Amino acid sequence: AVLFGGDPSEASADAWTVVAAEVDTVGPAPDADLDSGIDPVAVLVDAGLASSKSEARRFLRDGSIRATGRQLDEDGQIGSDDVRHGRFVLLARGKKRYAVLDLEKTSV
21 AVLFGGDPSE ASADAWTVVA AEVDTVGPAP DADLDSGIDP VAVLVDAGLA SSKSEARRFL
81 RDGSIRATGR QLDEDGQIGS DDVRHGRFVL LARGKKRYAV LDLEKTSV
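The C-terminal position of the sequence shown is numbered 128 in this note's numbering, with every residue numbered one higher than the one before it.
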């Protein structure tokens with residue numbers, strides 16, 4: 021339901037774990053700070069939702085990126101309101117491209 025039009029904020033922790041296993045999943049940068057907001061540009065590239073930082077910025081400017089259902093704009097940050105079950109953020113580009121930011125996963 022998380023990927024098929026359901027409200028991601030209502031999905032169970034088990035559903036999020038299944039989604040994270042099915043789509044590309046990335047961890048935050050080592051210096052990422054959720055309290056001050058995580059810049060989505062590098063996350064989008066790491067997750068394969070954009071091929072470059074400039075493309076990621078263009079997607080954000082065009083309004084085609086969502087974080088757990090909330091549309092991100094060019095100045096938008098991933099914040100604590102986007103996190104579900106203390107660790108998951110669903111990133112979407114359009115209606116068919118998804119990735120998960122797992123705050124418990126170590127970024128490479």
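Don't read these hints as lab results, they were simulated from the structure.
Hints are supplied without guarantee of correctness; some may be wrong.
[To be verified] With beta-carbon atoms standing in for the labels, derived distance ranges:
#1 G68 to V38: 30 to 38 Å
#2 G68 to T37: 13 to 21 Å
#3 D34 to S72: 31 to 39 Å
#4 D53 to E94: 17 to 25 Å
#5 D53 to H105: 13 to 21 Å
#6 D95 to V38: 31 to 39 Å
#7 S74 to H105: 13 to 21 Å
#8 A41 to S74: 27 to 35 Å
#9 D59 to H105: 19 to 27 Å
#10 V38 to K115: 17 to 25 Å
#11 S32 to R81: 18 to 26 Å
#12 E124 to Q97: 18 to 26 Å
[Unchecked claim] Simulated pairs of lysine-lysine, BS3-like, Cα-Cα distance not exceeding 27 Å:
#13 K115 to K73
#14 K73 to K125
#15 K115 to K125
#16 K116 to K73
If you're wondering where the values come from, they're calculated on a predicted model, not measured in any experiment.
Note that CB positions come from ideal geometry on N, CA and C, so glycine has one too.
Evaluation of the provided hints:
1. G68 to V38: 30 to 38 Å: violated, 19 Å
2. G68 to T37: 13 to 21 Å: Cβ of G68 to Cβ of T37: about 20 Å, so the range 13 to 21 Å holds.
3. D34 to S72: 31 to 39 Å: holds, 35 Å
4. D53 to E94: 17 to 25 Å: Distance hint for D53, E94 holds at roughly 20 Å.
5. D53 to H105: 13 to 21 Å: Holds, at about 20 Å.
6. D95 to V38: 31 to 39 Å: holds, 32 Å
7. S74 to H105: 13 to 21 Å: The hint (13 to 21 Å, Cβ to Cβ) is violated, given that S74 and H105 are roughly 33 Å apart.
8. A41 to S74: 27 to 35 Å: Since the Cβ atoms of A41 and S74 sit about 31 Å apart, the hinted range of 27 to 35 Å holds.
9. D59 to H105: 19 to 27 Å: Given about 22 Å between the Cβ atoms, the range holds.
10. V38 to K115: 17 to 25 Å: Holds - the Cβ-Cβ distance for V38 and K115, about 19 Å, lies within 17 to 25 Å.
11. S32 to R81: 18 to 26 Å: violated, 34 Å
12. E124 to Q97: 18 to 26 Å: This hint holds: roughly 20 Å between Cβ atoms.
13. K115 to K73: Holds, because 21 Å separates the two Cα atoms, which is no more than 27 Å.
14. K73 to K125: holds, 22 Å
15. K115 to K125: holds, 25 Å
16. K116 to K73: holds, 20 Å
When held up to the earlier numbered hints, the structure conflicts with 1, 7 and 11 and fits the remainder.
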